[in-house]
Structure formats: structure tokens, C-alpha cells
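Asks: Letter by letter, the chains look like this.
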Amino acid sequence: MEARTATGGGELGERARTSARHPTWLLGLLPLALIAAAVGLFAALGGPGLGERTGPPAEELAVESTRLTPGVIELTVRNDGPDPVSIAQVTVNDAFVSFSGAQQPIGRLASERVRISQPWIEGEAYEVSLLTSTGATIAHAVDAAVGTPDADLGFFGLMALLGVYVGVIPIALGMLWLPWVRRIPPGAMRAVMALTLGLLGFLAIDATLEGLDIAAQGSQAFGGAALVLIGAVVAYLALSGVSAWIADRRRREREQGATGARLALLIAVGIGLHNLGEGLAIGSAYSVGALALGAFLVVGFALHNTTEGLAIVAPIAHERLSLARLVGLGLIAGAPAVLGAWIGASAFNSSVAAFLFGAGAGAIAQVIVQISPSVRDGSGRLLHPVAVAGLLAGMALMFSTGLLVSI
Amino acid sequence: MDPLTRRRLLAGSVPALGAGAVALHGLGTPAVAPAAGAGDHNGHGGTAATGAHGADGHAAFRGGTVDHRANGFDPNQILRDFDPGTTSRLPSGQVLREFKLVASDKEIEVAPGVRFAAWTYNGRIPGPTLRAREGERVRITFVNGSSHQHTIHFHGIHIAAADGVGGLGAGLIEPGGRTTYEFDAEPFGLHLYHCHVRPLAEHIAKGLYGTIVIDPKQGRDEADEMVMVMSGFDTNFDRTNELYAVNTIGFAYMEKPIVVRRGELVRIYLVNVLEYDLVNSFHLHGNFFEYFPTGTSLRSSEFTDTVMQCQGQRGILELRFPHTGRYMFHAHQSEFTELGWQGFFEVCEPGDFDRLCRLNGQGG
Chain S
1 MEARTATGGG ELGERARTSA RHPTWLLGLL PLALIAAAVG LFAALGGPGL GERTGPPAEE
61 LAVESTRLTP GVIELTVRND GPDPVSIAQV TVNDAFVSFS GAQQPIGRLA SERVRISQPW
121 IEGEAYEVSL LTSTGATIAH AVDAAVGTPD ADLGFFGLMA LLGVYVGVIP IALGMLWLPW
181 VRRIPPGAMR AVMALTLGLL GFLAIDATLE GLDIAAQGSQ AFGGAALVLI GAVVAYLALS
241 GVSAWIADRR RREREQGATG ARLALLIAVG IGLHNLGEGL AIGSAYSVGA LALGAFLVVG
301 FALHNTTEGL AIVAPIAHER LSLARLVGLG LIAGAPAVLG AWIGASAFNS SVAAFLFGAG
361 AGAIAQVIVQ ISPSVRDGSG RLLHPVAVAG LLAGMALMFS TGLLVSI
Chain X
408 MDPLTRRRLL AGSVPALGAG AVALHGLGTP AVAPAAGAGD HNGHGGTAAT GAHGADGHAA
468 FRGGTVDHRA NGFDPNQILR DFDPGTTSRL PSGQVLREFK LVASDKEIEV APGVRFAAWT
528 YNGRIPGPTL RAREGERVRI TFVNGSSHQH TIHFHGIHIA AADGVGGLGA GLIEPGGRTT
588 YEFDAEPFGL HLYHCHVRPL AEHIAKGLYG TIVIDPKQGR DEADEMVMVM SGFDTNFDRT
648 NELYAVNTIG FAYMEKPIVV RRGELVRIYL VNVLEYDLVN SFHLHGNFFE YFPTGTSLRS
708 SEFTDTVMQC QGQRGILELR FPHTGRYMFH AHQSEFTELG WQGFFEVCEP GDFDRLCRLN
768 GQGG
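Here the protein sequences come in this chain order: S and X.
Quick note on numbering: the numbering used here labels position 302 of the first sequence as 302, and the sequence is numbered without any gaps.
For the numbering used here, count along the second sequence from 1 and bump the result up by 407.
Since the hints were derived computationally from the structure, they do not count as laboratory data.
Glycine included, C-beta positions come from ideal geometry on N, C-alpha and C.
Hints are not guaranteed to be accurate.
Unchecked claim - FRET-style restraints, in silico, Cβ to Cβ: (1) S/Pro84 with X/Gly583: 31 to 37 Å; (2) S/Glu124 with X/Asp712: 29 to 35 Å; (3) X/Val686 with S/Val234: 56 to 62 Å; (4) X/Pro729 with S/Gln103: 40 to 46 Å; (5) X/Leu607 with S/Pro70: 43 to 49 Å.
Bound conformation, chain S alone (with noise of 0.2 Å):
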């Protein structure tokens, strides 16, 4: 026993010596320096022992997206299999096409833009089959031909205008609440609280499910689904700790006297990190083309949003602020839904978008979280009747309103 003792002190000891002979940095940086030293034998050796591949090469080519101006489609692809592609010549609907692009074999993961001439008629249906040069097709459908808008200044000013739509009035308007909430009991506050959780778990799960089909539909090489799930916890871990950090800043401001002001300004900052996310599900989904999801998105982003113009006000109750004060709050957390947008509409990528959409549900997790404490009674209940009564009323409204504004 004490034999033994001895021996491990004296491996202590050895071990001290040589951490003090070479320095940390390097024992760490050692086995990373012999992995790159291995992986680069093993290439340039052309992996030794594993011999050819067998049967034919995989071919995969995704769309990623596609693009209808006047008499010319275009889609965007990219190769998500483990072999070169080449396309070497297109159909429309059974009929050989002239193309451009893709001259060269599309290598793994790497993407090329196919420009096809056909004058496409506006509402019909086409299928385009990329011909391989081993006779592999890989089809890809239109299912109602519709232009797709310019990425010009009108175009750029109507995503302004989606962003004003969903952050900047919501908010305002929200915000007009100020005199009510500095009135009304606070059982009644618990109501209006838990009717945003609502509207908020029905837009979670909605856009949940909107990521998981785009990702079904786009390249798989990043990911697909995954993306989305990776998206929610990326977005919610952000925001949680955008909002810890704000609640530090919170409490250190308190015991430095922090005005109800800055509390307010804290929050419309989170909360215009949130309405970011939320411009980008919107622009994403109307250059997907699915407008009528955006038109959704919009009504339930602003019906929700006009709940954060309520919870912006909350702490400022019982402060005096310039009008213009209250203008600034509103629009830091109502104008990053422009830019959102503006990203979402036109740097569109299906796997980029299934992220997005993962990021907004994600993202909306996280301020259901937070607010849920606000809905809790006098003895600390979470489902008491008028919380569970506000939650299903949210969820009915944002089902309506879906029904009214998808169809």
C-alpha cells in the first residue's frame, strides 16, 4: 500500500517534469499535427488496401432553387452524392431544351447555375430532366410557372415593406398598451400573457413543420432535416443566452440604480434578435414561393407582435419617457424584421432555409419560455383555468387566421 503510494507520487513527478520539458501548447497540438500527417499519407497513397469502387457511380444532383424570367427557367444545383455529375443535355416536358452551364462536371458539393430556354406560359406545370452523361435523369418539377420577382429595388422595398408589416406597426401598436397595463388587475395580465403563449406554440410547431419539408425537398448534403433541429437549438441557446446576459446586465444596473429606461431598451434589443429570425422566415418563404405562408407568417407575426410591444411597456409602467424615446424602443426591436427579410427572400437556399425555419422555432421556444412565468397565479400554478383558457384561445385565433389568410 504504501509502496504503491510511493509509485504514484513518483509518476507525479515524472509527469511534472516532462509537462515542464515541452510546453502545453505542443502536447496538445501533437496529435492533431500526426492525424493531418496520417490523412495526408493516406490520400496521397490513394487509401491503400481499400481498392476500387464498385458499381456504377452515385449520381445526386438537388435543385437548390429555380428561377423563371421570360422564356428561361433556371435552376440552381447541387451535387449531394459522393461522385462528379455531368449533365449533358435537358429536357422540358419530353422535349430536348437548349441550356447553358454546367459544361464541366459538377464535383461533391459544389453547385452550377443551369440556364434552360423555354418560353414558359404563366400557372402551367413543367418537369425538367437533367440527362447525365451515364443516362441518369434527374427530374425536377414546376408545378405552376410563376415569375420570379427581381431582386430589384422594388423588390428589396416590398420586404421593407413585409418587415414594417410584421416588427415596426405590430410593436407600435403593442405599445400603445402602455396606459392600459399600468391600470389592469394583474389576474387579467396572466390572460393576455397566456393568450400570446398560444399563438406563439402554434407558430413554433408550424414552422417546425414548414423547415422539415423544405429540408426534404432540398440537397441533403448539409444535412436536410437535421438542419432544422440544429437550427431550433442554435436559435434557442443564442437567445438564451442573449437574455442571461441581459439579465446580468439587469441586475448589475439595479444595484447601480438602472432605470426602468434601459430595462426596456434591454429587452427591445432580445427581442429585435428574435424579430430578425422572423424576417428571415418570412422573406424565405415568399422566395420559396409560398405566399400565401407569408402572408400568414405576416398575420401571426404581428398578432404576436403586437404582444412584445406589450411586454416592451411592461417595465416602463411606472417611468415618464419622451415620445421619441418610445419610438427608438419600438423600432430596435421592430426593424431588424426588415433585414431579416431582405436576407431571407434573397440569399434563398433550401438548406439554408430549412435552418431559418428551424432558427424561428427555435428562437420562438425561447421566448415562450420566458415569458411563462408571467402567466403563473398567485400560488405559482402554470396551468391554472384562465391560463389554459388563454392558451387555447391562442391557439384558435392563430388556427383561424391561418385558415383565413392560406386560403
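Position chain X relative to chain S; hints supplied.
Replies: Below, chain X without anything else, positioned relative to chain S:
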């Protein structure tokens, strides 16, 4: 035995003509639009019909056409290439006409940039157009150089053992094996031959088919004769065709129209071996033709501009073009048309014929 028509006479010299055309390609002769001269007469610019993008609004391949040299056959040469085989006389006095067909696996370019693992007779699709006269003895030596079992099944009147199907006569011919099929050339007309091994559609669609012309004893009127085999390729094995063509390569006669003389009798041996689609058809623009179903009667059955053929059906078309210019022909299944099965006739004054044929490598 003696050549019955000028075409028959030419058929004997086909290998030489073919070699000549290949040599022309080898010298890098530019594939000039053959209509350059005739364009003035028919409203087409001389630049028409070359290159996929200059296709005057017609469906076309990107990259024009395939590498015929690498494929080892060219629709422009197959068109008028009739194989008379070699002849001798049997003790009975009957003429014996012998042919040799070798099956082989061969990757070909079926559309620009699209490779297809085809099966061929004598390295070409369609296989050689065999030609005999009614009543002759025909002996075909079949060598299976492919890595799969194959046969040759001839349409015609013959004994069961010469039928080229499994279980009869030599049955299925193993890779490396050989056999002979022997029968009397009857009835006169236009017939086809193809592999008859399960799965049948695949063995045919991959390229194991060809035409056998049996001339009537008294011969036919002298004419500019050509063979057109309608077929397709199922490149992705979904049992529908991605490509359609006459003489294998889609749009080949859009790239290089078939040169014919104004006023001369043109005889087309039209065969449908298309798989996976129930029917095929032939439609001619700006003209009508006499139609002889299966070529077994010397009396025309119809004067028309469109005929329909089911799988394995065939017939002879006879016509004269009264005007010079370009006249389209294609399947009247518009889908087939725009997936490759369309072409042009270039009707020229007789004096321009040889020059334009040389330009198109058509061995006229």
C-alpha cells in the same frame, strides 16, 4: 443474283464508300450545313440546322451531335448501306448468300455527352441491313462476342430450328459460342431480325436488331433507296425511353439532312423496333408517299403522309419530291419528335447531289 437496281450495285461498294467518309472525317472536314447551296430556294438561310443552339427553334441536343467515329458507325452511312453478303451456288443451283454477324458489348454515345452500354451486331446500331433476293438460300453465321447469352431471331418463313429462340435449334448462344441460321429468303418484303433472349425488351432495346430486305424475284423499280430503323434508348432503365431516333442517333438528320434528288423515286425501308412505347410513326412534310405494308405486296395500300407502326411492324415508302428545299420528317408522336426522332430531307437538283452527299458523308 445480279444487282437489280443501281442501289444494289452500289451496295457492293459500300465498304469503300464508308471508308471514304471516315477518311473525310479524319481529315477534319468541317461539318458544313449541306443546304448552303439549296438554301436560297427554300427560304432557309444557309446557316440553318447546324448546332444545337442554331436549331431554328427546333428541339436539339446541346453540342450538336455525337462522335460518330468513336461510336464506329454513322447514321449518314447506315442510311444507304445495304449488305449483300457473299454469294455462291449450291449443288442444286440455288444461290447461297452468306452473312456473318458478331454480337458485342459496346459503350456508345447515344446523345452528345451521354454514354450508354449498348449491345451491338457487328459493332453498329442498327445491325447491318442484310439484303437477299426471294428464293435464295440465306446462311448467317452468328458469333457471340458479348458477355451475355444472345441469339438472332429472323422474321420470315423458316423451320423451327432456325428461329433463334431458346430451346429450339441451337437455342441460346453462350458468350464465345457460335451457330448458323439457315433459311430460304421468303416471303419477299421488308423484315427484321433481333435478339430473342429474356428479358426480351432489354435485349432488343440495347441495340440487338437490324433489317433484312428480301427483294422480289422480278426486282423493284430503280430508286434512291434508304433504310430507316426507328428506335429509342432507355438510358436510366425505368422502362421508358429517354431518347428516340431514326437510325439510332437523335437529330442526326437535323444536323445533316438526307440529300435526295428532285423528281427521283425515293424508296424508304421503314422499320419500327422501338421498345417500351406501343406505337411509332413516320410523318413527312410537304409531300405524300405510297405505302407498302411489310413490303410483301407490290401494290400500294395507301397514299398518305403519315403511317403508324406498332413494335416490329415495318413497311416500304415510295415517293418523289417535286420541289427542292428542306422537308422535315418525324414521328407524329410529338414527344418522340422533340426527344430526337426528327430529321430533314434536303431535296436538290440532280447536279448538286454528289457534292452535297459528300459534304454530309452520306455516300450517295
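Asks: For this structure, which hints from the list above don't hold up?
Replies: As far as the earlier hints go, not one is violated by this structure.
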